[in-house]
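Residue numbers (our numbering), protein chains in the order written: chain A, 1 to 325; chain B, 326 to 693.
Calculated from the structure, these hints are not laboratory results. Any given hint could be a false lead.
[To be verified] A short, non-exhaustive set of chain A residues, derived as facing chain B with CB atoms under 7 Å:
id: 1; residue: 104
id: 2; residue: 279
id: 3; residue: 281
[Said to hold, decoys possible] Below are the DSS-like pairs computed for lysine-lysine, each with C-alpha atoms no more than 30 Å apart in a straight line:
id: 4; chain 1: A; residue 1: 303; chain 2: A; residue 2: 222
id: 5; chain 1: A; residue 1: 22; chain 2: B; residue 2: 364
id: 6; chain 1: B; residue 1: 388; chain 2: B; residue 2: 377
id: 7; chain 1: B; residue 1: 440; chain 2: B; residue 2: 460
id: 8; chain 1: A; residue 1: 22; chain 2: B; residue 2: 377
id: 9; chain 1: A; residue 1: 314; chain 2: A; residue 2: 253
id: 10; chain 1: A; residue 1: 314; chain 2: A; residue 2: 222
id: 11; chain 1: A; residue 1: 280; chain 2: B; residue 2: 690
id: 12; chain 1: B; residue 1: 397; chain 2: B; residue 2: 646
[What the hints assert, rightly or not] Have a look at the derived ranges for each label pair, beta carbon to beta carbon:
id: 13; chain 1: A; residue 1: 297; chain 2: B; residue 2: 420; range: 40 to 46 Å
id: 14; chain 1: A; residue 1: 127; chain 2: B; residue 2: 341; range: 31 to 37 Å
id: 15; chain 1: B; residue 1: 335; chain 2: A; residue 2: 297; range: 37 to 43 Å
id: 16; chain 1: B; residue 1: 678; chain 2: A; residue 2: 203; range: 24 to 30 Å
id: 17; chain 1: B; residue 1: 599; chain 2: A; residue 2: 49; range: 48 to 54 Å
All C-beta atoms, glycine included, are put in the ideal place defined by N, C-alpha and C.
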Amino acid sequence: MAEITLVEAVNQALAYEMSQDKDVVVLGEDIGVNGGVFRATVDLIDKYGPERVIDTPLAESMIAGLTVGMAAQGLKPVAEFQFMGFIYPGFNQIVCHAARMRNRTRGRLSCPAVFRAPYGGGIHAPEHHSESTEALFAHIPGLRVVIPSTPARAYGLLLAAIREPDPVIFLEPKRIYRFVKQHVPDNGEALPLDRCFVLQEGNDVTLVTWGAMIKETLAAAKQLQAQGVSVEIIDVATVKPLDIETILASVEKTGRCVVVHEAAKTCAVGAEIAAQIAEKGLMDLHAPVQRVTGFDAVMPYFKLEKQYIPDEAKIIAAVQHTLEF
Amino acid sequence: METTKSTSTKSKSTITAEFTIAYTQFLDAVGKPTQPLPKFATKPDELIRLYKLMVLTRTFDTKAISLQRTGKLGTYASSLGQEAVAVGVGAAMHADDIFAPAYREYGVQLQRGVKMQDILAFWGGDERGSDFANKHDFPMCVPIASQYLHAAGAAKAMQLQGQSRAVVAVGGDGSTSQGDFYEAVNVSGAWNLPIVFVVCNNQWAISVPLRSQTRCQTLAQKAIAGGIPGEQVDGNDLIAVRNAVANAIEKARNNGGPSLIEAITYRLHDHTTADDAGRYRDESEVKEAWQRDPILRLRNYLKDLKAWSDDQEQELLTTSKQQVDAAVADYLQAKPQPTTAILDYLYESVPEAYQDQYQQLSTTKRSA
Chain A
1 MAEITLVEAV
11 NQALAYEMSQ
21 DKDVVVLGED
31 IGVNGGVFRA
41 TVDLIDKYGP
51 ERVIDTPLAE
61 SMIAGLTVGM
71 AAQGLKPVAE
81 FQFMGFIYPG
91 FNQIVCHAAR
101 MRNRTRGRLS
111 CPAVFRAPYG
121 GGIHAPEHHS
131 ESTEALFAHI
141 PGLRVVIPST
151 PARAYGLLLA
161 AIREPDPVIF
171 LEPKRIYRFV
181 KQHVPDNGEA
191 LPLDRCFVLQ
201 EGNDVTLVTW
211 GAMIKETLAA
221 AKQLQAQGVS
231 VEIIDVATVK
241 PLDIETILAS
251 VEKTGRCVVV
261 HEAAKTCAVG
271 AEIAAQIAEK
281 GLMDLHAPVQ
291 RVTGFDAVMP
301 YFKLEKQYIP
311 DEAKIIAAVQ
321 HTLEF
Chain B
326 METTKSTSTK
336 SKSTITAEFT
346 IAYTQFLDAV
356 GKPTQPLPKF
366 ATKPDELIRL
376 YKLMVLTRTF
386 DTKAISLQRT
396 GKLGTYASSL
406 GQEAVAVGVG
416 AAMHADDIFA
426 PAYREYGVQL
436 QRGVKMQDIL
446 AFWGGDERGS
456 DFANKHDFPM
466 CVPIASQYLH
476 AAGAAKAMQL
486 QGQSRAVVAV
496 GGDGSTSQGD
506 FYEAVNVSGA
516 WNLPIVFVVC
526 NNQWAISVPL
536 RSQTRCQTLA
546 QKAIAGGIPG
556 EQVDGNDLIA
566 VRNAVANAIE
576 KARNNGGPSL
586 IEAITYRLHD
596 HTTADDAGRY
606 RDESEVKEAW
616 QRDPILRLRN
626 YLKDLKAWSD
636 DQEQELLTTS
646 KQQVDAAVAD
656 YLQAKPQPTT
666 AILDYLYESV
676 PEAYQDQYQQ
686 LSTTKRSA
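Work out the full structure, taking the sequences as your base and the hints as a guide.
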């Protein structure tokens with residue numbers, strides 16, 4: 001079996017679930033004949049037809065609102081927003097309706113929908129194409145926010161997201177859309193939501209991250225290992241609801257934690273993780289939790305994006321700080 | 326220079342599109358027919374049935390306002406003066422159609438399995454008000470115009486599933502300034518969706534009058550931009566509303582596509598019980614609007630037909646009040662939700678991450 005990239009795994013998951021469940025439809029801009037600007041939906045229109053692979057007019061609030069309406073009436077829509085920077089017009093629909101349809105009707109109606117968007121920087125894209133604002137959604141009760149970091153997790157988590165009876169914001173790290181290839185059997189096996197994945201066990205420090213930052217985190221860990229530091233790596237995967245237990249168990253063992261994310265620092269998911277460790281695991285810590293993050297600044301145009309996105313050196317420095325504290 | 330100027334002023338153009346907006350009324354303000362009535366309206370029994378629903382809606386509305394004034398209900402949005410729009414829409418709908426309301430279309434909801442105590446629960450601070458007997462209708466929708474897109478999504482679902490059903494969405498005049506309105510009209514046209522937009526033009530969006538909301542001569546013409554037909558009806562004429570909406574629904578259910586109907590009416594009460602319209606509109610305008618009262622109009626017509634008497638009117642007021650009082654008693658006696666209801670319906674099951682908060686809620690005592 002051929003190895004596939006993360007974006008191909010997204011396509012494979014969509015195709016698999018559409019073949020199994022006729023209620024699954026995908027909608028968005030340029031997702032039909034064009035197969036999506038990143039080709040995440042390529043060939044789906046040939047397999048499932050324009051009735052289920054729906055090119056929409058160019059309006060993001062509309063995409064979100066239609067998705068709410070379709071989901072409330074028996075379909076399982078998977079909506080694509082072309083870039084996370086364009087999801088904001090749909091924010092009202094997601095926050096005011098998708099997130100609370102079940103709650104406000106006491107379960108009479110619900111919103112089994114997936115809102116997909118490529119997110120993050122690092123691909124030399126124009127303004128508004130490099131956002132990492134997962135925390136905006138992680139703050140909203142009623143949502144799930146899921147971020148894969150490998151082809152296998154993209155496949156398994158997207159299947160789980162589509163099968164989930166409540167709305168999922170599924171953010172795809174476009175910087176690593178084609179970074180690695182993996183064997184991903186097309187067996188329809190979902191991975192669990194609401195669970196962190198421990199990628200590597202270690203004893204000295206816990207690195208917690210998600211999405212594209214897995215790349216720099218793994219590279220930093222490799223260098224640290226060479227220096228004799230035993231690193232545990234956790235891919236959060238579902239940033240809301242947060243599986244803090246897995247993180248706490250790791251920190252209990254290592255006593256040190258560095259959270260790495262691309263998003264701006266203030267009020268980001270890293271702040272929530274640090275706060276929960278402080279609340280529940282303070283006495284396990286040998287050093288304060290460190291955050292290696294983007295700056296509290298607008299994502300720069302691409303000539304400076306490398307300086308914005310955390311690199312291995314910053315991660316290593318933060319780990320050293322916890323070791324020397 | 327001279328040449329350039331004359332070229333621009335004398336350039337020839339051809340007309341590539343034109344539109345007209347029709348306005349329909351069957352009963353004038355005093356209840357005299359202005360043209361032959363549609364078939365359903367030739368049966369007095371049917372008109373009496375709908376008249377009773379308008380009176381019930383108003384009786385309910387009056388009671389709800391007094392409940393709010395006496396501290397037994399939260400902020401409430403009155404439907405006073407708009408009964409013909411709601412009852413007309415509700416009467417035009419089939420049971421298997423889907424309704425996407427804004428938040429003062431009680432006259433529709435009462436015909437579709439929503440009880441008065443449900444509406445009171447909603448305004449009384451209890452989510453169970455939207456857990457009503459109708460399985461498919463959307464709950465009341467507060468963020469203005471967002472319901473139009475849910476309606477379009479529901480219509481798309483019907484279309485994909487090959488069903489012969491329609492969705493009816495109602496919003497106010499202010500809602501036609503929102504992007505969601507335009508986006509819903511546009512996609513409904515592009516996809517030929519089975520949907521009927523009813524714009525209940527009550528002239529006021531809280532304190533902003535229609536003339537400040539738009540420069541359009543009509544709101545119906547906003548449909549034209551989406552390539553769908555738009556028309557106006559006298560929204561205080563129950564017959565006109567029901568006729569237009571029923572025609573649009575039949576068209577939608579038979580793959581004829583979307584329509585928009587602007588029902589021209591007047592908001593006789595404040596925006597909500599938290600509002601004081603005296604701050605921004607003349608009492609004389611309201612007084613004048615009462616001359617076009619939709620209930621009075623149909624009563625006059627039925628009385629002219631000798632199909633309705635003062636005795637019947639008295640009896641109706643009594644029975645309507647009894648119905649409302651029974652619903653109010655039910656509402657006031659409703660057992661409160663457990664505090665865990667805050668989390669019980671957020672997700673299908675409470676995620677592990679929030680179990681500690683759930684436990685906290687389960688031991689939280691209710692305070693007044």
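Okay, the hints, checked on the actual structure:
1. 104: holds (5 Å)
2. 279: Violated. Min distance 10 Å.
3. 281: violated (14 Å)
4. A:303 <-> A:222: holds (28 Å)
5. A:22 <-> B:364: Distance of about 42 Å is beyond 30 Å: violated.
6. B:388 <-> B:377: holds (16 Å)
7. B:440 <-> B:460: holds (13 Å)
8. A:22 <-> B:377: violated (45 Å)
9. A:314 <-> A:253: Holds. Residue 314 of chain A to residue 253 of chain A sits at ~23 Å (cutoff 30 Å).
10. A:314 <-> A:222: holds (14 Å)
11. A:280 <-> B:690: Holds: residue 280 of chain A and residue 690 of chain B sit about 25 Å apart, inside 30 Å.
12. B:397 <-> B:646: Distance of about 18 Å is within 30 Å: holds.
13. A:297 <-> B:420: 40 to 46 Å: violated (56 Å)
14. A:127 <-> B:341: 31 to 37 Å: Holds: the Cβ-Cβ distance is about 36 Å, inside 31 to 37 Å.
15. B:335 <-> A:297: 37 to 43 Å: violated (55 Å)
16. B:678 <-> A:203: 24 to 30 Å: At roughly 26 Å between Cβ atoms, residue 203 of chain A and residue 678 of chain B fall inside 24 to 30 Å, so the hint holds.
17. B:599 <-> A:49: 48 to 54 Å: holds (50 Å)
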